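Our numbering puts the first residue of the sequence shown at 1, with every later residue one more than the last.
Be a bit skeptical, because a hint or two may be false.
Stated by the list, open to error - Taking lysine-lysine pairs in the DSSO-like style, the calculated list, with each CA pair at most 30 Å apart, reads:
(1) K618 with K606
(2) K224 with K280
(3) K476 with K370
(4) K138 with K62
(5) K235 with K224
FYI, nobody ran anything at the bench for these hints, they're computed from the structure. Since the model is a prediction, treat every value here as computed from it, not as a measurement.
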Amino acid sequence: MSVSEIRPIAIEDELKHSYLDYAMSVIVSRALPDVRDGLKPVHRRVLFAMHELGNDYNKAYKKSARVVGDVIGKYHPHGDFAVYETIVRMAQDFSLRYQLVDGQGNFGSIDGDSAAAMRYTEVRMRKLTHELLADLEKDTVDWEDNYDGSERIPQVMPTRIPNLLVNGAAGIAVGMATNMAPHNMTEVVHACLAYADNPNISIEGLMEHITGPDFPTGGIIYGKSGIVDAYRTGKGRLHIRGKYHFEEDQKSGRTTIVFTEIPYQVNKAKTIERIAELVKEKKLEGISELRDESDKEGMRIAIDLKRGENAEVIVNNLFLNTQLENSFSINMVCLDNGQPKLMNLKDIIAAFIRHRQEVVTRRTMFELRKARERGHILEGLTVALANIDAIIETIKSSANPAEARERLQVGEWAAGGVVALLEKAGSVSVRPDEIEGEDPNRPFGLDGQVYRLSPAQVTAILELRLHRLTGLEQDKLHAEYSEILAQIAELTAILNDFNLLMGVIREELAQVLQQYGDARRTEIVESRIDFSREDLIPEEQVVLTVSQTGYAKTQPLSDYAAQRRGGRGKSATSMKEDDYVQHLIVTSNHATVLCFTDVGKVYRLKVFEVPQASRGAKGRPMVNLLPLDANETITAILPVIDAPKKFTERLADFRSYVKANAAHLQTNAIIAAHYAELESAFAELADGDDLSDALRVQLKQLGVELSATDLDDEIIAEFASQAEALRKNFYVFMATASGTVKRVELEQFSNVRSNGLRAIELNEEDTLIGVAITDGEQQIMLFSNEGKAIRFAETDVRSMGRAAKGVRGMRVSFGSAQVEDVEDVEVDGDDEDSSDSALISRIVSLVVVPETGEVLCASANGYGKRTPVDDFPTKKRGGKGVIAIKTSERNGELVGAVAIDESKELMLISDGGTLVRTRASEVAQTGRNAQGVRLIRLGENETLVGVEAIEAVEEDEFVEAIEGAESLVAETDAVAETEQVEKDGENSVEE
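Using the sequences provided together with the hints, build the complete structure.
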């Protein structure tokens, strides 16, 4: 190269142009499919090579290596492995919805196994594949040179099937990518027919035929929003789940989850390995065995569960943690007229129909040209038969074929029967548009009574065999000519009438539908996948404990079988020497608790967010669960009821929800006044039944008017609305250690911020000791550590805002004297207590009591008693109270009180972490002035710190105490005698 040929250029310009050339080459020649045939270049070249090899569906298989060799040698100068992988994928029934290659041998599996080497496997085209190649030889598509100009290859296939939609496509180009889902042949063809009938059809109209993608591996698509987005805009996201069912073993009582379908493009073996890993790492509980039982009959992944496990919860965990639930992002980018374009559903169908119009038009023109050429030959043969002797003589007298050809062509021959043929043709033009070698001054064909033969006719005459010179053969020529005339007339009509052209397209689509249409494999469910952590956690009753130093944990309530009164109990938590359990509640692990702190703030926490721990563990610091400030501690915990997640789906679900949360509904007085009526009505309503008249009556009493009889969404939504209205009438009732009380509408705590919310303004040294939910008409009792109690009506405390400090509920001792009566504190926050003295006595319990029933008082030394509520007179708030239990040296101070009846159970916990669960009915009922009986046996220097009332379990679940059971009867008798003496003087102690 000379210096003059060197041209300096800027490197950035060269990079820009070269990279753009490379990008367009990848986009057009490798990665993106053509919208017309749905094939990328490598797929098209593979199928064309098989077509050229005669590797048809009804022929013998050929070695894959032979096909790969032809492809890379003639059409696709790239790696042989890439070409073979293309062939393999077109043969896999789990990759393509409609396979294009029929493979013989090992072509891989859904477990990720590789195909055998190409020298071992054999292939041929499937019958369906011929629909992509049909009419390829009839000039239906444009052709181009191969990479070295030695071969010609089609630019696109004249496909009769909408392959891009039925088989989808995937590819990554430069700066763009495509990912198209496969669809059902029946649905897509119906949509194409609908578009052919009405090109103005909307996308919604097309979606009446195409309901959504149809994957070769089946599965279930949840939600149609992603489908609608993809069809409207070309982009969308689908959520696919494997299909499963439950199998129950009646003998063992175990459940097996069986997956028969998995999401598209998910590796079955890796999915099973992932499940096994989750079980091994204890991230997935409840699975006892995992098996792959798949065979030639189909897929079957069997997951055996442990006895008593909740199968739906485990399935939800499988969906969350494995690819049994997977997403599929649709990005419908393809080549349209050689340009990459994001297309919607209608665009793709319209492009396919346009392609079919072009193919059918070009095929018709090709067939018309061939028909006219054949008619022209038949005219020449008819002339030859009419002049047979002269023509034979001319041929015999010629020195060579060239001379014979020339003499036949320049001669003028008697027209004979050609005149009759042309008269039969009438206006139908049989003459080809162009005839090779024709002189305008001396045209070929009929001229008066003579006929001049064209070169093509002369060639046909010279190739004529002698047996065709019979009279019978002449009749055949006339009959064939008549058929040609009819064919020409039909083809001409198609070209001249667009409706006839579309009729041909519809007919061929109908044939495709008849031969290859099948049923959907993928199910589409309208509802959207949307589950929270609650769906992954089995619901159960748990014991939630929080220690004085702020350690929280939960334990299954079933860990604490009920014991006889006075039992030694079980260790509930491991306590440090200076720590003890301060709060204990029994609730559902799906419930929400409001956590009130010593500074008057409230936080919201889901119970399942508190880690479950063993009885010996101390739990997790609350500061790790809630954004507590430095030195801020939890002083009260209140369980509240969230609306059931599926409340608007089925009223029967709400019935089950009410049953499962009976303890909350009654303990916290949330719709307690209506619970019995609702429960009795719900009990009469089986799942799936219509709304009964009994239920209608009960709901009407709650102000819920129903206008229909079925369990439809409208009724349920109406009921939910009424339930929400009821919820707004409830209140949060608070009490502090200094005796201050406050009532705030529950609605003000419906949206607790993540960093907490101010619940009450507190004086220095004062703390919040109790919180309860009320309906505005409850009876309130406050209990002090001195063993005194006051009972007053909730209505004595007006509703306040969250900024208020509250009003006096019960007088307690500061310093050496009782705090005097003061006026109610205004909502602006003025404090009612001006004393800076330390509390001598303090409030320890806030109890919402029923009109009739009992309260149980428990003392620090493990003694307690039941007392009827009626024994406590209703007073005005702000009083000193009356004796509730003696705080003798034996009993110690009062540590807690709860509302109970004989159907309840008690949970008792000590500062050493020991927890006892016992039946309330085993505690003797005594008067207010009695000392009570032993509730729990405590160790040396151990004191009782908490008591909670819970719902009773079935009778057969009770067990004897672990320790000290044999001495209980004697002890009970002795204590009973003491109680009788104490009871005689109880009426003299009221202040």
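- Query: Hints broken by the structure, by number, lowest first?
  - Reply: Number 2 - this is the single hint that the structure violates.
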